[in-house]
Amino acid sequence: MTVRVYDPRGSRRPAKAETAPRPAALSGATVGLLDNSKEQADVMLERIASKLDGQGARIARARKGSFSRVAEPDVLDQLRECGAVVTALGG
Amino acid sequence: MAELLEFSDADAALDHYIEHFSDGLPVVLPTERRVAQLLAATTREPDFDLGAVPPGGARLTVRDVAVNAVLAGCPAPAFPIALTAVEAALEPAFNLNGIQSTTHSATPLIVVSGLAAARAGMNASFNAFGPHNRANAAVGRTLRLVMANVGGGLPGKTDMSVQGSPAKYTFCAAENLEQSPWPSLAEREGYAPGTTSVTLMAAEDGHVVADHRSADPERLLENVADVMRALGTLNACLPGPMTLALCPQHARIVANAGWSVADVQRFLYERAANSLERLTASGEFDRARTLGVAARYGDPGDPRTRVPVIDAPESLIVCVVGASTGGFSTVVPSWLASRPVHRPV
Amino acid sequence: MRDAVEFERRGIPAVVLANDVFRPIADATAELLGLPSDYVERAVVYLPHPTSILSREAVKSLIDERWDEILAKLTGRAALSADGASAAPSLEESPLELARRAVDAFAEGLRADGAELVLRAYEEGVLQAQLDVFDAAACEGGVCLLPAPQLEAMIAAFVRPALPGLRAVQLWDPRDPT
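If you read the protein sequences in the order shown, they are chains L, Y and P. Just so it is clear: in the first sequence, position 59 is 59 by my numbering, and no numbers are missing. Heads up, my numbering is the position in the second sequence plus 1000, with the first residue counted as 1. Heads up, my numbering is the position in the third sequence plus 2000, with the first residue counted as 1.
The shape of chain L in the complex, shown without the other chains:
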């Protein structure tokens, strides 16, 4: 009597993740700053904000609740209009 058993080896590789094109210039663009609550990420991002201001960029800020988890959907949503994003602090 035939026996059917699941193959434990998972399935095939996926397509590669898409990466987005970078803006040629930042003046007039909105740059998002995502703070993951780690070690002075806020100080770093504030410094970047002041430098970006000098480039003519607008700033949008968001903060993750916990550094060990992926950003919650509403955090990602807060930065959806951005032309580029800087995240701190990974690793």
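Just so you know, not all the hints are guaranteed correct.
Listed below are the simulated DSS-like cross-link pairs for lysine-lysine, each with C-alpha atoms no more than 25 Å apart in a straight line [stated by the list, open to error]:
hint: 1; chain 1: P; residue 1: K2060; chain 2: L; residue 2: K38
hint: 2; chain 1: L; residue 1: K51; chain 2: P; residue 2: K2060
hint: 3; chain 1: L; residue 1: K64; chain 2: L; residue 2: K51
hint: 4; chain 1: L; residue 1: K64; chain 2: P; residue 2: K2060
hint: 5; chain 1: L; residue 1: K38; chain 2: L; residue 2: K51
hint: 6; chain 1: L; residue 1: K38; chain 2: L; residue 2: K64
I should point out that these hints are in silico values taken from the structure, not numbers from a laboratory.
With chain L held as given, fit chains Y and P onto it using these hints.
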């Protein structure tokens, strides 16, 4: 999508699975019924994609974890914990890819802290790191079988571990919440009370600290520090995380003197350290790298500069494990291109 | 980097500030997440660990020192090296050419020992090089006498500053019968 393989009968199927999909120990056939039983223990969608398992890169779904969990003999109540451990292992910071292929004996150490552990039948007391508990065995073994069957991590092929270790069958225990004088590991990791956390660290075998004499924290933890600072761990020349599984008896000695876990971490960060002079003679000394690391802690030109084995006090994962009737704790050094991860069940 | 993937997927390019303990696993992480093999080079800016103990002013200085690199990576221009000591790849030089130069530089040390090291290939972050011992007597006691895995580790450590995308070194060693 998990495929179904057909065999003429159960014996033929079992022979094939023991030959090709086992870690050398007997396995349980992942029939549709058994896999369904485990999937019923979680609210997660069976087809949900959890990511690619290195180094092979095959995709893993919740169902694929259930298949390997059945193989591992996982009881249904422990499946959500096994699943959480697998997800934690796939977090990039854990660097499962490196653990799969290193020449070191690195393997995931899994510590489960919270009420869900006991509800799942896990053992936090006598022999917690040892055999004779189905849940402890299967939570660790499920992850190892996923690493082998989905990730393709096999000896000589992609697993370059020179000697390996019995911890590569399974290395998992629950924290003894009843006997711990401190807040649980889960609470100290920042989770709300009532949450159970699964913590993973890339580990080598545990080193036992026997101490039935010390009556104060300093003497006891100095003995712990002595084991921690041993040359021969990778931590000695490359400070990083370690896990300290204190037995309840030792934890009580420390807590009765008013010490918190943070006090333990700070003490051991200071005491579990080696001078540069000692490290220069060690077998892992690398001029550029070791002196570069030493520069973070003092003058790299001074042989007296002390290099701690843990890179920061908070890098020592402290948990209370085991029965309360003896004085044996365990220090677990780590493999160092990986950071510990934790995840709520 | 998981967050970066989420943004890239939504059409928003990301630059990741990361602690340099992340460096050894960054490429493997990018691969696990399905990112292109040069993503780390293009998008990650490193800061020395730990930053928790630094003053706010010191942290700001770390950012100022890396501002050119952050700006270049935000706008997709070639990375500018922070310290100049490890030359960053320019737009003109392919990774293969950089690998060839790096291997050649390492080989200089071997030639005095009667051995030559030649690049065979550099693909997907894996550098393959062939070791040829042309003067066994000169090789006596020299570094070329090291077992292949150790030599591979030495080569990797030497060439890595020039090849940030390096994941592994494979040595073709005529001494190895397999």
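For each hint, the structure was consulted:
Restraint check for K2060 (chain P) and K38 (chain L): the C-alpha separation of about 15 Å stays at or below 25 Å, so the hint holds. In summary, the hint linking K51 (chain L) to K2060 (chain P) is supported, as the alpha carbons are separated by about 11 Å, within the 25 Å threshold. Restraint check for K64 (chain L) and K51 (chain L): satisfied, since their Cα atoms lie roughly 22 Å apart, inside the 25 Å limit. Of the pairs offered as hints, the one joining K64 (chain L) and K2060 (chain P) holds, with about 21 Å between alpha carbons and a cut-off of 25 Å not exceeded.
In summary, the hint linking K38 (chain L) to K51 (chain L) is supported, as the alpha carbons are separated by about 21 Å, within the 25 Å threshold. The hinted pair formed by K38 (chain L) and K64 (chain L) meets the criterion: a straight-line CA distance of about 10 Å does not exceed 25 Å.
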